[in-house]
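Protein chains in written order, with this note's numbering: chain A, 3 to 114; chain B, -9 to 100.
Keep in mind that the hints were calculated from the coordinates and are not lab data. It is possible that part of the hints are untrue.
[Stated by the list, open to error] Below, a list of computed lysine-lysine pairs in the DSSO-like style, where the Cα atoms sit at most 30 Å apart:
id, chain 1, residue 1, chain 2, residue 2
1, A, K67, B, K71
2, A, K19, A, K73
3, B, K92, A, K59
4, A, K73, A, K20
5, A, K20, A, K59
6, A, K73, A, K59
None of these values were measured; they are calculated from a predicted model.
For reference, the chains in residue letters:
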Amino acid sequence: EAQVTQNPRYLITVTGKKLTVTCSQNMNHEYMSWYRQDPGLGLRQIYYSMNVEVTDKGDVPEGYKVSRKEKRNFPLILESPSPNQTSLYFCASSTAGDYGYTFGSGTRLTVV
Amino acid sequence: GQSLEQPSEVTAVEGAIVQINCTYQTSGFYGLSWYQQHDGGAPTFLSYNALDGLEETGRFSSFLSRSDSYGYLLLQELQMKDSASYFCAVSNQAGTALIFGKGTTLSVSS
C-alpha cells in the first residue's frame, strides 16, 4: 500500500531533550515536506526537500533540523525542544512537487 | 508578504451545493491545490489548478482565475461525510514551497 509512515504517533517529552520524528514513504517520491498544524493557524511548512541531499527552509524552520540521506526517509529533528513546539506534525511526499501530496497520519508532540 | 484568505466556517444541508473561496497573495505562483482534512486526520489531496478554468472530479470541482488571484472549491450533492476542514494551498517557490490557508470548516447537517 502506497503510504507515508510517521513515528511516533504520540510523544510527550521534556524541554531540552533531543528527539527525532521519523518519516518514510514507499512511493519513490522526490519531494518531501514537514508541516506543523496549530489551532487557528492552519498548516505551516517547516522544511522541504526536492531530492536526496537537497533541503530548504519553509515558513517556520527555527528550532528544527532535517536530513535527506535516502530518498524514502526525511526525519525531523528537534535538538532542544521547547513548549512552543507542542503541535501536530505532518510529513508529506509528492512526485510532482507542487501538488498531489500524500500526508502521513501525524505526530502529536507535547513538550512540557 | 504571502497570504491566503478563505472563510473560517461554512454550513450547509445535505444535498446542497457549497462554494469555498480562496484568494491569495504570493511572491510567485505555480498552482492552487485543495485538501480535505477530517478531525484529527491526515489532509488528503482533492484537486489542483495550474491554469485558469474549472477542473471537475466527481462531486467536487475547483476553479482558478490567475488574473484575479482567486480560486474556489465547489462541492455538490453534499453528504454528511463531507463535514471536514478544507484548505487551499499555493505552490510558489520552484513549485515546492507549499503555503496553506488557515482552512474552512464545513458543517453539513441533515
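Do the hints match the structure? See the list:
Between K67 of chain A and K71 of chain B the alpha-carbon distance is near 37 Å, which puts this suggested pair outside the 30 Å criterion. Note on K19 of chain A and K73 of chain A: the hinted pairing holds, with a Cα-Cα distance of about 27 Å set against a maximum of 30 Å. For the given pair, K92 of chain B sits about 20 Å from K59 of chain A by alpha-carbon distance, which is consistent with the 30 Å threshold. At most 30 Å may separate the alpha-carbon atoms for a hinted pair to count; K73 of chain A and K20 of chain A meet this at roughly 24 Å.
A hinted pair counts as satisfied when its Cα atoms are at most 30 Å apart, and K20 of chain A with K59 of chain A qualifies at roughly 20 Å. For the proposed pair K73 of chain A and K59 of chain A, the alpha carbon gap of about 18 Å is at most 30 Å, so the pair holds.
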